[in-house]
Every structure is written in structure tokens, then in C-alpha cells.
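Peer 1: Sequence:
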Amino acid sequence: MTRPDRFTGKTVIVTGSSMGIGEAIARRFHGEGANVVLNSRKAEDCEKVAASLGNDRVLVVPGDVSSSAFASEIVEQTVAAFGGIDVLVNNAGVGRTGRLADADDALIDMIIDINLKGVLYLTREALPHLLKTGGNVINISSVSGLGADWGLGVYNASKGGVCNLTRAMALEFGSQGVRANAVCPSMTRSDMTTGVTESEQAMKMLANRMPLGRAAEPDEIAGPVLFLASDDAVFVNGVNLPVDGGVTASSGQPNFFG
Numbered sequence: 001m002t003r004p005d006r007f008t009g010k011t012v013i014v015t016g017s018s019m020g021i022g023e024a025i026a027r028r029f030h031g032e033g034a035n036v037v038l039n040s041r042k043a044e045d046c047e048k049v050a051a052s053l054g055n056d057r058v059l060v061v062p063g064d065v066s067s068s069a070f071a072s073e074i075v076e077q078t079v080a081a082f083g084g085i086d087v088l089v090n091n092a093g094v095g096r097t098g099r100l101a102d103a104d105d106a107l108i109d110m111i112i113d114i115n116l117k118g119v120l121y122l123t124r125e126a127l128p129h130l131l132k133t134g135g136n137v138i139n140i141s142s143v144s145g146l147g148a149d150w151g152l153g154v155y156n157a158s159k160g161g162v163c164n165l166t167r168a169m170a171l172e173f174g175s176q177g178v179r180a181n182a183v184c185p186s187m188t189r190s191d192m193t194t195g196v197t198e199s200e201q202a203m204k205m206l207a208n209r210m211p212l213g214r215a216a217e218p219d220e221i222a223g224p225v226l227f228l229a230s231d232d233a234v235f236v237n238g239v240n241l242p243v244d245g246g247v248t249a250s251s252g253q254p255n256f257f258g
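Under the working numbering, the first residue of the sequence shown carries the number 1, and numbering increases by one thereafter.
Just so you know, not all the hints are guaranteed correct.
Using C-beta positions, here's what the derived DEER-type ranges look like [stated by the list, open to error]:
1) Ala81 - Gln253: 45 to 53 Å
2) Glu198 - Arg96: 13 to 21 Å
3) Ala80 - Arg124: 13 to 21 Å
4) Pro4 - Lys42: 28 to 36 Å
5) Gly147 - Glu198: 20 to 28 Å
In silico SDA-like pairs for lysine to any residue, Cα to Cα no more than 20 Å straight-line [said to hold, decoys possible]:
6) Lys132 - Val234
7) Lys204 - Ser250
8) Lys117 - Ala103
9) Lys42 - Ser190
10) Lys48 - Arg27
11) Lys132 - Ala80
12) Lys204 - Gly252
13) Lys204 - Val143
14) Lys132 - Glu73
15) Lys132 - Gln176
16) Lys117 - Ala157
17) Lys117 - Asn240
If you're looking for bench data, these hints aren't it; they were derived computationally from the structure.
Quick caveat: nothing in here was measured; it's all calculated off a predicted structure.
Glycine included, each C-beta is placed from N, C-alpha and C at the ideal position.
Sequences are here, hints too, so could you generate the full structure?
Peer 2: In C-alpha cells, the structure reads:
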């Protein structure tokens with residue numbers, strides 16, 4: 001449920017916000033009154049989202065989060081446009097399947113650079129401004145950061161790093177008034193997951209492990225993100241929150257009772 005004034009006057013950066021979970025998060029923040037900074041590597045995709053929001057209280061800063069120079073740029077542009085930063089949502093990410101033994105250097109670098117180093121770079125640059133506002137950081141990790149998957153070794157490493165980095169941020173900055181938490185989704189419908197979500201066989205396999213029996217919709221991930229960013233979660237710090245339909249409730253054993 002949208003609460004129109006919950007983030008009025010607040011400024012939020014959402015990386016990877018031209019589609020999927022990131023777009024849903026950006027739309028929810030904007031709908032609740034926030035100034036929103038949209039980001040992806042494709043400017044035209046962000047511009048479409050901005051136009052659909054009416055371009056009011058929206059700034060588009062396209063670029064690659066794996067670049068430390070870009071991290072400085074998006075922070076500078078945000079502060080110049082809106083005067084500060086209240087919430088940083090590190091959502092940008094990539095995933096590739098394949099055996100670890102077959103992963104070449106370029107693939108490893110791409111996944112680690114975007115999924116983990118991007119979070120490090122942008123948080124480092126935004127922190128001085130978050131300290132001024134008493135803001136907070138929400139990292140979008142994954143259930144793949146809480147446990148391992150077949151065929152996703154590099155992705156598991158990157159998201160596991162995000163989960164433990166979130167804990168480290170909470171320890172380091174909590175006493176200074178900046179909270180850090182992560183949301184860990186399971187399979188969520190988006191352009192990046194259509195290969196799975198449009199496969200009848202894959203979705204049957206998913207339903208066997210998913211107590212809710214389906215993939216999540218992006219807006220179902222956005223709601224918990226806004227909760228963690230809000231004053232309702234003022235004493236929540238260092239949490240890696242599974243938003244996974246119950247996947248992590250399982251011991252991993254099959255359902256013998258049908």
C-alpha cells in the first residue's frame with residue numbers, strides 16, 4: 001500500500017532502475033513523495049521511466065556503477081540537483097549461469113565489478129551525504145547470497161559479498177546514524193529472468209521449492225525496500241532480509257508428503 005507522504009522531501013538514488021525490481025522501487029519511492037535518481041547503462045530506458053513519472057522530482061544519470069569515477073559523478077549530480085541524499089538503493093546487478101570451471105576472467109570481472117564493487121564504490125561516495133541526513137543504504141542482494149546454487153558460483157560469490165558487506169556497513173556506520181540493510185529476493189519476474197519465468201518446466205521446478213508456489217512480482221520486492229528505508233524500520237540495522245516466498249524456510253529436503 002502506497003503512503004503518499006512517507007518520503008516527501010527525501011532524495012533517493014536507485015541504481016539499475018530502468019526495469020524490473022529497480023524500476024518498481026523507483027516508482028514506489030516517487031509515488032510516496034521522494035525525489036528519485038534513475039540510473040542504468042542505457043539512458044533511453046531511464047528516460048522512458050522518467051517520462052512515465054512526469055519528469056517531476058526525477059533526475060536521470062545514466063552510467064556504469066562498476067566505475068568509481070561514475071560513482072562520484074552520480075553523487076555529485078544528485079547533490080547538485082536536490083541538495084543531499086537520504087537513501088541509497090544499490091540495485092544494479094547482473095547474473096550469468098555456468099560452471100565455475102568454465103568462467104573466464106572477463107565474466108568473473110563483470111559480475112564482481114557490477115554486483116559487489118559497484119556497491120562499494122557508490123556507498124563510499126554517498127556516505128558523507130548520508131551522514132549529514134541520517135540516511136540509510138538498502139542493498140539488493142539475493143537468496144543466492146544466503147545459500148549457494150548449482151551453476152551460479154560467481155554470482156553466489158558476488159551476492160554473498162553484498163550480504164556480508166551489508167553487515168560490515170551496519171557495524172561501521174550505525175553509531176554515526178546511518179543504517180544499512182539488504183533485501184534478498186528469490187526468483188522475481190523481470191526482463192533478466194524471462195528465460196526461467198516463461199519456461200513451464202522451470203516454473204514447475206520452482207513451485208516445488210517455493211512454499212508460495214510462484215515467482216515474485218517486482219513490486220512485491222519494492223514494498224520491503226521502502227519499509228527498511230522508512231522510519232518504521234529505524235531500529236533495523238544489518239539485516240539481510242529474505243523476500244523469497246519461503247524458499248529459505250526449507251532445510252533443502254524434498255517434500256515427501258506431497
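Peer 1: Give a verdict on every hint.
Peer 2: Against the structure, the hints:
Checking the proposed 45 to 53 Å range against Ala81 and Gln253 shows it holds: the Cβ atoms sit about 52 Å from each other. Separation of Glu198 from Arg96 is about 18 Å and conforms to the stated range, judged on CB atoms against 13 to 21 Å. For the pair Ala80 and Arg124, the supplied restraint of 13 to 21 Å holds, since their beta-carbon distance comes to about 19 Å. In this structure the supplied range 28 to 36 Å holds for Pro4 paired with Lys42, their Cβ-Cβ distance being about 30 Å.
In this structure the supplied range 20 to 28 Å holds for Gly147 paired with Glu198, their Cβ-Cβ distance being about 25 Å. Under the criterion of a C-alpha separation no larger than 20 Å, the hint pairing Lys132 with Val234 is consistent with the structure, at around 16 Å. Distance hint between Lys204 and Ser250 is fulfilled; the C-alpha atoms sit about 17 Å from each other, no more than 20 Å. Taken as a hint, the Lys117 and Ala103 pair is honoured in the structure, with Cα atoms around 19 Å apart against an allowance of 20 Å.
The suggested pairing of Lys42 with Ser190 holds, with an alpha-carbon distance near 16 Å, which does not exceed 20 Å. A hinted pair counts as satisfied when its Cα atoms are at most 20 Å apart, and Lys48 with Arg27 qualifies at roughly 12 Å. Using a Cα cut-off of 20 Å, the hinted pair Lys132 and Ala80 holds, with the two alpha carbons roughly 15 Å apart. Proposed proximity of Lys204 and Gly252 is supported: the alpha carbons are some 17 Å apart, at most 20 Å.
At most 20 Å may separate the alpha-carbon atoms for a hinted pair to count; Lys204 and Val143 meet this at roughly 19 Å. Taking the CA atoms of Lys132 and Glu73, the gap is about 19 Å. The hint holds against a cut of 20 Å. The hinted pair formed by Lys132 and Gln176 meets the criterion: a straight-line CA distance of about 10 Å does not exceed 20 Å. Taking the CA atoms of Lys117 and Ala157, the gap is near 12 Å; set against the 20 Å cutoff, the hint holds.
Distance hint between Lys117 and Asn240 is fulfilled; the C-alpha atoms sit about 18 Å from each other, no more than 20 Å.
Violation of the numbered hints given earlier is absent; every hint is satisfied by the structure.
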